[in-house]
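Respectively, the protein sequence lines represent chains A and B. Everything in the first sequence is counted per the numbering used here, starting at 2 for the first residue and increasing by one. Everything in the second sequence is counted per the numbering used here, starting at 3 for the first residue and increasing by one.
Bear in mind the hints are in silico, worked out from the structure with no lab data behind them. Positions of the beta carbon are idealized from the N, C-alpha and C atoms, including for glycine. Hints are not guaranteed to be accurate.
[Claimed, not checked] Taking CB as the label site, the calculated pair distances span: (1) Gly-130(B) to Gly-95(A): 19 to 25 Å; (2) Val-34(B) to Val-102(A): 54 to 60 Å; (3) Pro-80(A) to Gly-130(B): 53 to 59 Å; (4) Leu-48(A) to Leu-24(B): 44 to 50 Å; (5) Val-10(B) to Gly-118(A): 17 to 23 Å; (6) Val-10(B) to Gly-197(A): 14 to 20 Å; (7) Phe-184(B) to Thr-78(A): 52 to 58 Å; (8) Leu-24(B) to Gln-67(A): 15 to 21 Å; (9) Gly-197(A) to Phe-38(B): 30 to 36 Å; (10) Pro-160(B) to Leu-48(A): 23 to 29 Å; (11) Asn-154(A) to Phe-184(B): 39 to 45 Å.
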Amino acid sequence: MTTTLAPADAPASPAGTAAPRPRRPRRSRGPRALTPASRVGLGVGVLWFSILALIPLVAVVVETSQGGWDAFARALTTPQTAAAIRLTVLNALGVTVLNAVMGTVIAWVLVRDPFPGRRILEIVIDIPFALPTIVAGLVLLTLYGPTSPVGVNVANTQWSVTLALAFVTLPFVVRTVQPVLAELDRDVEEAAASLGARPFTVLRRIVLPALVPAIAAGASLSFARGISEYGSLVLLSGNLPMRTEVASVRILAYLENGDQTSAAAVATVLLGVSLVALLTLDILQRRVVNRGTH
Amino acid sequence: MARTSPWVRLTLRTVVIVYLVLLVGWPVSLVVRATFTDGLTALRDALTDPTVVFSLKLTVSVALQATLLNTVFGVGISLLLVRTDFRGKRLLSALIDLPLSVSPVVVGLAIVLAYGPRGDWFGPWLTGAGVDVLFAPLGIVLATAFVSLPLVVREVVPVLEEIGTDEVQAARSLGANSLQTFWRITLPSIRWALVYGVVLTLARSLGEFGAVKIVSGNLEGRTQTATLLVEQRYHDFDHATAYAVAFLLAAVSVACITLVTYLRPAHGNAR
Chain A
2 MTTTLAPADA
12 PASPAGTAAP
22 RPRRPRRSRG
32 PRALTPASRV
42 GLGVGVLWFS
52 ILALIPLVAV
62 VVETSQGGWD
72 AFARALTTPQ
82 TAAAIRLTVL
92 NALGVTVLNA
102 VMGTVIAWVL
112 VRDPFPGRRI
122 LEIVIDIPFA
132 LPTIVAGLVL
142 LTLYGPTSPV
152 GVNVANTQWS
162 VTLALAFVTL
172 PFVVRTVQPV
182 LAELDRDVEE
192 AAASLGARPF
202 TVLRRIVLPA
212 LVPAIAAGAS
222 LSFARGISEY
232 GSLVLLSGNL
242 PMRTEVASVR
252 ILAYLENGDQ
262 TSAAAVATVL
272 LGVSLVALLT
282 LDILQRRVVN
292 RGTH
Chain B
3 MARTSPWVRL
13 TLRTVVIVYL
23 VLLVGWPVSL
33 VVRATFTDGL
43 TALRDALTDP
53 TVVFSLKLTV
63 SVALQATLLN
73 TVFGVGISLL
83 LVRTDFRGKR
93 LLSALIDLPL
103 SVSPVVVGLA
113 IVLAYGPRGD
123 WFGPWLTGAG
133 VDVLFAPLGI
143 VLATAFVSLP
153 LVVREVVPVL
163 EEIGTDEVQA
173 ARSLGANSLQ
183 TFWRITLPSI
193 RWALVYGVVL
203 TLARSLGEFG
213 AVKIVSGNLE
223 GRTQTATLLV
233 EQRYHDFDHA
243 TAYAVAFLLA
253 AVSVACITLV
263 TYLRPAHGNA
273 R
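Make the full structure from the sequences, and use the hints.
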């Protein structure tokens, strides 16, 4: 990391005298208007994006609305579906809290505690991103399933959902907090410490407030991923109705029974929640960026 | 320098290592061991099974197509998002991230509704034109491209913002056309971010499961990809093959991640 170079040009700007000048000379002259060629490119790009993603997603919402409010409410209040949605949201929330804590601790260790073997931890953290979800399920089943070498069997219990979600959402908070923590100005912490602040006070008053937007951004990504998880649960949770069945599995079950409207209703709920999480993320990222520039 | 006491440091380090070993390291290593309990037999048996070979070939072919589509789209859209101004740019930029947080099952359902023969949208028309999307490779490619769509854009956009347009404008003022500018100036400066995005897209595409399960129909030897085969073989108690194929998929994805981890600092210093 070359972040230690950053403070070098900071003292160059005289405190409070000159007009607010960008700390670093901006090389970009900013965006320009569309040329005819880029207009065509944009058209093709947006068309492809619409065919691939937007039209199908709109089709889900339209399918839901065609069923009418009654069908929507009926699908969601069916005990089995309601239980699935509750289980999904509660587990996603629980795992998000776990990630907010563990993710921040992991990021802290990776940034502030340079020990040999850190590089390996970096790879281990990214494995859940890259591992196919069905393989993730199989992997967890091997250690925490019926043939567990340590005698811990969570297969077909609600803990299996928590475990699978914790696995697949592991990298989000780590990866959003890590860069912010690396950029954080150590001078402020050292100043606080030299003025007599105890380490815990420094952490609570200086480090954590600066990290909160990044933690929240990672947490919202982790929540969005958590409520939409499917692949890692297939082998692990047993998909028992009312007990370990998550929302995605309900959608699939409705679809297999030919009930597209109910499938679309549950899907619309998941889409809505993802959208809210994404909007939150957008707002939070804006705050993180603002924090970085002033 | 060190303000944190060594005890706190050591405790946190231990907690992190134990957590990561229990959650990721140990389980992943067990799959490797399960694959090689009988030496190379399981892997060799799997690779001589024509259904397995077919599913692996299909997975690779689908992943390459989806990655190619997303790379072309990703580079083009990134250039437009960073270097031009147009109405709705922020909306487009926000929407492009959407596929990352949509459930794979919802992706599958969305494609079924929009392009399936029973949907009200393009299905009947496509069927009339003799194009099969569902239960066909085309649907699998669409589903895979959908779920891995934003990965290239997310890597390339920050780098494009960072490098600015001075060199591009210099090249243009010296008479280079857009294509020359792209190949000689822009592409070399974004190459590591692009490689990074492409590797991530490839890893994600090789491993897609939920969306593919819905659109492909899981027809053995016709539309069954490697991840679907792992599920089916596990349920059919052919655990040896399930572990062998899972090991292959895991090995490729860990190789991708390792490559990317070692590229990351390189792309920071490359310029």
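Here is what the structure says about each hint:
no., hint, verdict
1, Gly-130(B) to Gly-95(A): 19 to 25 Å, "violated, 49 Å"
2, Val-34(B) to Val-102(A): 54 to 60 Å, "violated, 30 Å"
3, Pro-80(A) to Gly-130(B): 53 to 59 Å, "violated, 42 Å"
4, Leu-48(A) to Leu-24(B): 44 to 50 Å, "holds, 47 Å"
5, Val-10(B) to Gly-118(A): 17 to 23 Å, "holds, 19 Å"
6, Val-10(B) to Gly-197(A): 14 to 20 Å, "holds, 19 Å"
7, Phe-184(B) to Thr-78(A): 52 to 58 Å, "holds, 55 Å"
8, Leu-24(B) to Gln-67(A): 15 to 21 Å, "violated, 47 Å"
9, Gly-197(A) to Phe-38(B): 30 to 36 Å, "violated, 58 Å"
10, Pro-160(B) to Leu-48(A): 23 to 29 Å, "holds, 26 Å"
11, Asn-154(A) to Phe-184(B): 39 to 45 Å, "violated, 56 Å"
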